[in-house]
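Number of protein chains: 4
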Amino acid sequence: MTYNRRVQYYETDKMQCTHHSNYIRFMEEARLDFLDKIGYGYARMEKEGLISPVISVDVQYKKPTTFDDIICIEVALKSMTLAKMEFGYTMTCRGEVVCLAKSEHCFLNKDNRPVSIKKVNPALFDLLCSKIE
Amino acid sequence: MTYNRRVQYYETDKMQCTHHSNYIRFMEEARLDFLDKIGYGYARMEKEGLISPVISVDVQYKKPTTFDDIICIEVALKSMTLAKMEFGYTMTCRGEVVCLAKSEHCFLNKDNRPVSIKKVNPALFDLLCSKIE
Amino acid sequence: MTYNRRVQYYETDKMQCTHHSNYIRFMEEARLDFLDKIGYGYARMEKEGLISPVISVDVQYKKPTTFDDIICIEVALKSMTLAKMEFGYTMTCRGEVVCLAKSEHCFLNKDNRPVSIKKVNPALFDLLCSKIE
Amino acid sequence: MTYNRRVQYYETDKMQCTHHSNYIRFMEEARLDFLDKIGYGYARMEKEGLISPVISVDVQYKKPTTFDDIICIEVALKSMTLAKMEFGYTMTCRGEVVCLAKSEHCFLNKDNRPVSIKKVNPALFDLLCSKIE
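Protein chains in written order, with the working numbering: chain A, 109 to 241; chain B, 109 to 241; chain C, 109 to 241; chain D, 109 to 241.
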């Protein structure tokens, strides 16, 4: 799934490039866009009592980007278990890879206790499993 | 009351200056530090069911600052009513005024309904009134 | 001119609303989108040696917004002089006004010295003047 | 080397925890504080024409933190080569590990070309090597 994101002025830094912390935010945007596109947005997940915090990120910065650049983010669900899921991200700009990343997410209920997504929301579990690449 | 704040690298932008949006965040930091210093921190206010959202900000940017600069923020409570309070901020760097600002805040309960701070928390109301400059 | 902006998860805070500092960033996005749409993007202005820092913002927060809300930002150029310009912003969400704001901007050259925009870039000055509402 | 960082209100999110992207910023703060404390601040490095962008981050989120928490960040230089350096971070809050992280950084000159730090700034290279843990 593709998510295009224009770099904002306030996301650049003194090096005149996109500050590296913002890619973590772009990953979140692309991931939530992915959930929207498969038909189960994160706002709905949260309303139904399932939250999915980030438990790890791993980011390789390959080339700088800057204000006004459009970063094309390919996001894919890489794996699913009852306890966690993993996303992969390939970001390109003008045809060149600028960033490669992964993130892992667990599943908690509203009291912040780990739950099995398959038990709590089997429809969402099946939907997600069908989207693994 | 004085709050000193070092500008971080990630707060600068492509113009090689502190991005203007960050001063709004510095104001919040200085205001919450003010509440800590008068002995009634915002975390405690929130735990007791009183929240105080920002209803306006007015910021005049006088001179740029950049990474590693220490901004000295003089924050003062300017006025109090039952329904809102106003803070004033004078920010200097190396003896020069860099930013002048004001912010207004209302009082809500946990259901986001306006409340009279005097009714809900008279001790805090009296404490704040005694700090008006 | 209208700019629609979805609120991101990382822009919410502990009050479960959009943090007030982010509206300053939405204003920047809407303003730069305005410049793009009139055919003179900010990246081009900068490349040609004209920068236009924010010298003031004045923001009235009317209603909270939160994650996944789409904020509709009406941005208009309100006034132009040789030395500065002023933008006005009306932000609505689901038909209700959530935020009203203004910002002022000066004109500097690459050495951070004030310049007359009419002298330095008369075509841009005329273009901007024709867009005042 | 230890760097203590209080979590700000604007760094929390709708989950009422510190948003995960901010830990990347805390890492930068701790790393720049490390350089200050060993007597070679990043502002000086930059002025002398050596920049050191982040080329990777790897972050494991262990426990949530929230507004007003003080995160104690232990930062250490883990390895140095002529082309890059690696930092490790152990973040604790109330005695519990909340986050473990690593970051890698390369060395560029003002034209964004890779340089050997040993060639360009042998004194800084030796100083950094003496701090490896």
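Since the hints were made in silico from the structure, they are not lab data.
Where hints are given, some of them may not hold.
Identical chains blur together in the list; that is why a pair holds if it fits in one copy or across any two.
Straight-line Cα separation of at most 20 Å, EDC-like style, residue types lysine to aspartate or glutamate; simulated pairs [said to hold, decoys possible]:
(1) Lys155 to Asp166
(2) Lys210 to Asp166
(3) Lys186 to Asp166
(4) Lys239 to Asp176
(5) Lys210 to Glu156
(6) Lys155 to Glu204
(7) Lys145 to Asp177
(8) Lys155 to Asp176
(9) Lys155 to Asp177
(10) Lys186 to Glu156
(11) Lys155 to Asp219
Status of each hint after checking the structure:
| no. | hint | result |
| --- | --- | --- |
| 1 | Lys155 to Asp166 | neither (29 Å within a copy, 30 Å between copies) |
| 2 | Lys210 to Asp166 | both (5 Å within a copy, 9 Å between copies) |
| 3 | Lys186 to Asp166 | both (14 Å within a copy, 18 Å between copies) |
| 4 | Lys239 to Asp176 | neither (31 Å within a copy, 23 Å between copies) |
| 5 | Lys210 to Glu156 | neither (26 Å within a copy, 35 Å between copies) |
| 6 | Lys155 to Glu204 | neither (39 Å within a copy, 23 Å between copies) |
| 7 | Lys145 to Asp177 | between (24 Å within a copy, 16 Å between copies) |
| 8 | Lys155 to Asp176 | between (35 Å within a copy, 12 Å between copies) |
| 9 | Lys155 to Asp177 | between (34 Å within a copy, 14 Å between copies) |
| 10 | Lys186 to Glu156 | neither (24 Å within a copy, 44 Å between copies) |
| 11 | Lys155 to Asp219 | both (13 Å within a copy, 17 Å between copies) |
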